[in-house]
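With the hints as your guide, set chains B and C with the ligands onto chain A.
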Amino acid sequence: MSDHKTMTLTLIVWRQKDASDPGKFETYTAKNITEHHSFLEMLDVVNEDLILAGKEPIAFDHDCREGICGMCSQIINGAAHGGQERTTVCQLHMRKFKDGDTIYIEPWRARAFPIIKDLVVDRTALDTIVQAGAYVSCHTGGVPDGNAILIPKPIADESMDAAECIGCGACVAGCPNGAAMLFTGAKVSQFAVLPQGKGEAVTRVKALVKTMKECGFGNCTNHYECQAACPKGINVKFIARMNREFIKAQFA
Amino acid sequence: MILDGKCPTGPIQQTWDKHRFDLKLVNPANKRKYNVIVVGTGLAGGAAAASLGELGYNVQAFCYQDSPRRAHSIAAQGGINAAKNYPNDGDSIYRLFYDTIKGGDFRAREADVWRLAQVSNNIIDQCVAQGVPFARDYAGYLDNRSFGGAQVSRTFYARGQTGQQLLLGAYTALSRQINAGTVKMYNRREMLDLVVVDGVARGITVRNLITGEIESYAADAVCLATGGYVNVFYLSTNAMGCSVTAIWKAHKKGAFFANPCYTQIHPTCIPQAGDYQSKLTLMSESLRNDGRCWVPKKKEDCGKHPNEIPEDARDYYLERKYPSFGNLAPRDIASRAAKEACDDGRGVGPGGRGVYLDFAASIKRVGQPKIAERYGNLFEMYEKITDEDGYKRPMRMYPAPHYSMGGLWVDYNLMSNIPGLFVLGEANFSVHGANRLGASALMQGLADGYFVIPYTIGGYLAGIKDPGTIKADHPEFRKAEDDVKSSVNKYLSINGKKTTSEFMRELGSLMWENCGMARTKESLESNLQKIPALREEFWKNVKVSGTGADFNQQLENAGRTADFLEFAELMCRDALHRNESCGGHFREEYQELGEAQRDDVNYCYVGAWEYKGVGKEPELHKEPLKFDNVHLAIRSYK
Amino acid sequence: MQLFTTSIGKKILMAITGLCLVLFAVIHLIGNTTIFGWIPGGVNAYAHHLHAFPPMVYAFRAVMLVIAAVHIYYGIQLTVENRDCRQQAYAVKATKKTTFASENMIWTGLILLIFIVFHLLHFTAKMVPGMELVMDPHGTVDVFAMIVSAFKNIIIAVVYVGAMATLFLHISHGIQSLFQTFGITSDKSMPTIVKAGTVVALVLFLGYVSVPLSIFLNILK
Ligand SMILES: Cc1cc2nc3c(=O)[nH]c(=O)nc-3n(C[C@H](O)[C@H](O)[C@H](O)COP(=O)(O)OP(=O)(O)OC[C@H]3O[C@@H](n4cnc5c(N)ncnc54)[C@H](O)[C@@H]3O)c2cc1C
Ligand code: HEM
Ligand code: HEM
Ligand code: SF4
Ligand code: F3S
Ligand code: FES
Chain A
1 MSDHKTMTLT
11 LIVWRQKDAS
21 DPGKFETYTA
31 KNITEHHSFL
41 EMLDVVNEDL
51 ILAGKEPIAF
61 DHDCREGICG
71 MCSQIINGAA
81 HGGQERTTVC
91 QLHMRKFKDG
101 DTIYIEPWRA
111 RAFPIIKDLV
121 VDRTALDTIV
131 QAGAYVSCHT
141 GGVPDGNAIL
151 IPKPIADESM
161 DAAECIGCGA
171 CVAGCPNGAA
181 MLFTGAKVSQ
191 FAVLPQGKGE
201 AVTRVKALVK
211 TMKECGFGNC
221 TNHYECQAAC
231 PKGINVKFIA
241 RMNREFIKAQ
251 FA
Chain B
1 MILDGKCPTG
11 PIQQTWDKHR
21 FDLKLVNPAN
31 KRKYNVIVVG
41 TGLAGGAAAA
51 SLGELGYNVQ
61 AFCYQDSPRR
71 AHSIAAQGGI
81 NAAKNYPNDG
91 DSIYRLFYDT
101 IKGGDFRARE
111 ADVWRLAQVS
121 NNIIDQCVAQ
131 GVPFARDYAG
141 YLDNRSFGGA
151 QVSRTFYARG
161 QTGQQLLLGA
171 YTALSRQINA
181 GTVKMYNRRE
191 MLDLVVVDGV
201 ARGITVRNLI
211 TGEIESYAAD
221 AVCLATGGYV
231 NVFYLSTNAM
241 GCSVTAIWKA
251 HKKGAFFANP
261 CYTQIHPTCI
271 PQAGDYQSKL
281 TLMSESLRND
291 GRCWVPKKKE
301 DCGKHPNEIP
311 EDARDYYLER
321 KYPSFGNLAP
331 RDIASRAAKE
341 ACDDGRGVGP
351 GGRGVYLDFA
361 ASIKRVGQPK
371 IAERYGNLFE
381 MYEKITDEDG
391 YKRPMRMYPA
401 PHYSMGGLWV
411 DYNLMSNIPG
421 LFVLGEANFS
431 VHGANRLGAS
441 ALMQGLADGY
451 FVIPYTIGGY
461 LAGIKDPGTI
471 KADHPEFRKA
481 EDDVKSSVNK
491 YLSINGKKTT
501 SEFMRELGSL
511 MWENCGMART
521 KESLESNLQK
531 IPALREEFWK
541 NVKVSGTGAD
551 FNQQLENAGR
561 TADFLEFAEL
571 MCRDALHRNE
581 SCGGHFREEY
591 QELGEAQRDD
601 VNYCYVGAWE
611 YKGVGKEPEL
621 HKEPLKFDNV
631 HLAIRSYK
Chain C
1 MQLFTTSIGK
11 KILMAITGLC
21 LVLFAVIHLI
31 GNTTIFGWIP
41 GGVNAYAHHL
51 HAFPPMVYAF
61 RAVMLVIAAV
71 HIYYGIQLTV
81 ENRDCRQQAY
91 AVKATKKTTF
101 ASENMIWTGL
111 ILLIFIVFHL
121 LHFTAKMVPG
131 MELVMDPHGT
141 VDVFAMIVSA
151 FKNIIIAVVY
161 VGAMATLFLH
171 ISHGIQSLFQ
181 TFGITSDKSM
191 PTIVKAGTVV
201 ALVLFLGYVS
211 VPLSIFLNIL
221 K
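Chains as they are written, first to last, in UniProt numbering: chain A, 1 to 252; chain B, 1 to 638; chain C, 1 to 221.
These are computed hints drawn from the structure, not numbers from a lab. Every value quoted in this text rests on a predicted model; they were computed, and no experiment measured them. A portion of the hints provided could be inaccurate.
Said to hold, decoys possible - Mimicking DSS-like on lysine-lysine, the simulated pairs with C-alpha atoms at most 27 Å apart in a straight line are: (1) 210(A) / 184(B); (2) 184(B) / 96(A); (3) 252(B) / 490(B); (4) 384(B) / 93(C).
Stated by the list, open to error - Partial chain B-side listing against chain A, Cβ under 10 Å, derived: (5) 51; (6) 350; (7) 352; (8) 458; (9) 462; (10) 489; (11) 493; (12) 494; (13) 495; (14) 543.
Every residue, glycine too, gets a C-beta built ideally from N, C-alpha and C.
One chain only, chain A, in its complex shape (with noise of 0.2 Å):
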């Protein structure tokens, strides 16, 4: 541990006023940053300067900053994230850069995505995707018990790997398509292999399908961007899953 070696970092940041400002990068200077420090703890050391000068500080998404909640995006160096493995830019740690290091930092770009302010970014069409049909249609309350319907392990598993998503958006920002493949296909998925959820399998995969493209989203390719800039490595097996929903709805 070395608690006294701090590091200074060049950062080009993107800013951005509101939604009609063309936005353009900045650059500053992020001081007095040692390895323990978090990306956004960087960030915030840089806000309060700014703050303290009488500028705007950079405005950015942030809740839980332990990497469940979602809510931070950033674009670091090109990579959603920052592109480690499995790690949202609020676990993600400045160990992993060199004194002298120059940082890009902008949000997410995707057409459904439209930017707020600086590297903040609206990301409702995620919900209106939800919205249109990625539930189960039970009632509160006149259920059947738990144990009813039993769920071998290894699709209890399958439909969790699917819903560990986090709902971040870095699959779209990371698509070159800007595509939300992966999101809905693991929406799709986590219901489709259950029981409780294969009933409305057929208007379900129908209508995500049909919203995703009135949200705005771009069609996919199959670059697989998406998975890699994952945080939660949601697998693009989910996509082609949906995929076969889709495929098998139009028969049914």
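Just chains B and C with the ligands, lined up with the frame of chain A:
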């Protein structure tokens, strides 16, 4: 005033069923004439909004994040309790009820806790029906884990992400209602005031966090499910945006604040690495099954590499002090023991704020692969944050603020003393008494949202004969909007020299040092001096940049900080008045042989405070607690 | 019908037509290799058999034309939409999984389109200036002689080899991609499918270039 919780009487087993029958109903055709506001979309709010929407009410739901799915409930790791007795190990509704009352150190209402235990089973069924992928065995049956404070295996879980999966279940149910048009969702809106008209809750004032606009929403009932307030310590395991704001604003409008001093400190969190640190990360309690807690016996050894400190120079303090429970002593006890060791100058790591959690013995006994199988993801998370390998050198741990048992006072119907204002989940003073057992907050949130509020709110609304008469253009709404606007302008105009985070850090350290894991009359009194001074400084010297007319996170923080600065005083006051130690509230003066000493003769009540003005002494109201089904007893873990 | 309106639907059309085109390429390659004389009468006999029943020929051409048209139409449409959905590139390019082939499908596709037009003018319509056409006594073209004389020209040979390389790029991504589009991949089978796709593309490439190459190098005369 003596408060009445309006608990039904009679045999406890029948209280909830009887009460449900007694509640008035709203005619299905009339339900859509009633507007209900739900602030917060965590487990409590999300489940409530979805269920109320489904019943046919006209619901408006709010959260400060960009999506209802991101509420802090998402972070819960361990699991959720239910009295299913699937493992056939002797669990029952009665046992869950008993464990919760006892775990809460006899500071919760019996009837509420009974109801919680009773509906716990419905929660699991509900979540399964929604498609929550709980852990299962190969035959397909639901799997259970054991958790602290219970001798049965009753905890249901979904890997290390139970809260996430439960919240996603509630969120999908909510999404379904949004699609159906029964719920209108307002994201990125922060509630900044409660609107009370003629003593009745009628709506809220919010700031649109994108445009900065101040908006008003009117309704026939308002439900607050805005989570806990432990960010008053600045560093906690809570998300950055968690605040006391919503319930504090309601408190200022007349809602009583109950037991604010009851806060839970979780013993195993990754210690703070530096001053810049923004939050603390929890490591599951389960680690203490195989890890041994120790600190060096001698202060001089603290700087050494832990593996160079010989066995006989180590102090396995939990095993020494609590031979029968050892490393599995309950949360409050384990936290205090760690703090004691560090205060004694024997803490390890940066700032001497850490104890070792050592797996060497277990690795030697069962092998590293076995340990990795049990806790692999936690070791990974630890390494990501600290860059240290927990298999090779002991992990460093330190207690951190984690949960608030206190909150707005509510009666058995979850309604506060303001008619029409309901409070759900962690935001109310709840069923946990002075200490919450693991895996029971998720249970409470969902119980409130799915199975309590849908009934009790009907009982209230049925009494309103003219739904929708008060609209958002009523003068009280104008007044609330003007108040909010003027405080926004105030923050922006001060233009001082300190940022909001500097104030939060200062407040946090005051609270942690003087009103944290251990409190004394002196420490609390000193806080009651220092907090008002800090608050005064805030209003003179805070620096908030930007404008009020757009997305401005500084402004958001300023509002939350201002509220914490007021709330902190109440918390200290409550801690000072409660001359006993119980659960999460440990007063050093009140202990017997190093253990918490409860005073059932004088303090067996809920302390609910009424607001009288900033800096003015609030008025204490008491709701006496009666124990007819569980006998008051002393907890011992020696 | 969602097949024509949704993004996955269109992708499936791309995959169906792409698969047909690949199958055509495989059969065409097998046909072409008759030039090495592994059926009696070589490529001339093959060409003769193929054209023996004209209605079949035209029906087949019509089907292929529709397939190609659908493939091209949706290929262009999807690409245009995708550009629109991600208008701005990041300051640093840090993609991990994309390949040159996957990023340039539209360009390799359009080059193939140009090539096919040229190729049809060349060997089907036989309208490319400077072609030496040898007729046999029945008045049909000696296909063997036509091909051999064509690839003696270095420019023609290079154009064809270049086109084949483009084809390789296009289908090396295309083949594995269509499996994913049809949803018949899993995390276990995926790496194998990706490899197999590349191998098939490579075999096609080598098979096709063997003709111009062996002619140019005078192995085939
Ligand atoms: C790290 C961690 C692990 C935990 N693990 C467990 C566990 O294993 N088992 C267990 O039972 N419990 C656990 N808990 C506790 C449990 O997660 C919480 O107590 C519970 O989820 C709280 O739910 P809630 O619905 O009351 O509030 P929250 O989930 O906090 O939701 C609050 C909501 O209110 C909104 N809100 C807040 N203020 C405002 C405002 N002013 N305006 C508008 N909206 C607002 C937010 O947007 C959010 O939607 C854990 C807690 C933490 C921090
Ligand atoms: C070196 C490689 C190639 C050679 C030597 C070759 C040769 C030929 C010949 C001789 C014909 C005319 C057959 C006839 O009319 O009797 C032909 C037709 C054709 N070729 Fe090729 N070809 C090659 C590559 C390709 C490729 C890569 C494609 C496209 C994928 C292609 C597509 C076609 C088509 C569409 C026809 C027209 C078929 C018809 O008459 O309907 N060719 N080719
Ligand atoms: C004639 C001009 C052509 C154009 C403009 C074109 C364009 C495209 C485009 C844009 C794609 C989508 C990219 C993607 O999904 O990754 C594509 C996919 C594909 N193309 Fe072509 N192409 C052409 C010719 C061909 C030919 C001649 C073949 C085969 C010999 C072919 C086979 C394929 C295959 C197999 C796919 C993959 C389909 C899928 O992803 O499911 N294409 N093409
Ligand atoms: S699939 Fe992965 S990248 Fe996409 S939203 Fe979910 S967690 Fe984020
Ligand atoms: S990166 Fe994009 S192209 Fe498809 S496979 Fe992933 S959505
Ligand atoms: S801030 Fe919650 S995932 Fe990063």
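Here is how each hint holds up against the structure:
| no. | hint | in the structure |
| --- | --- | --- |
| 1 | 210(A) / 184(B) | holds (22 Å) |
| 2 | 184(B) / 96(A) | violated (43 Å) |
| 3 | 252(B) / 490(B) | holds (19 Å) |
| 4 | 384(B) / 93(C) | holds (25 Å) |
| 5 | 51 | holds (4 Å) |
| 6 | 350 | holds (7 Å) |
| 7 | 352 | violated (13 Å) |
| 8 | 458 | violated (13 Å) |
| 9 | 462 | violated (19 Å) |
| 10 | 489 | violated (18 Å) |
| 11 | 493 | violated (14 Å) |
| 12 | 494 | violated (13 Å) |
| 13 | 495 | holds (8 Å) |
| 14 | 543 | holds (6 Å) |
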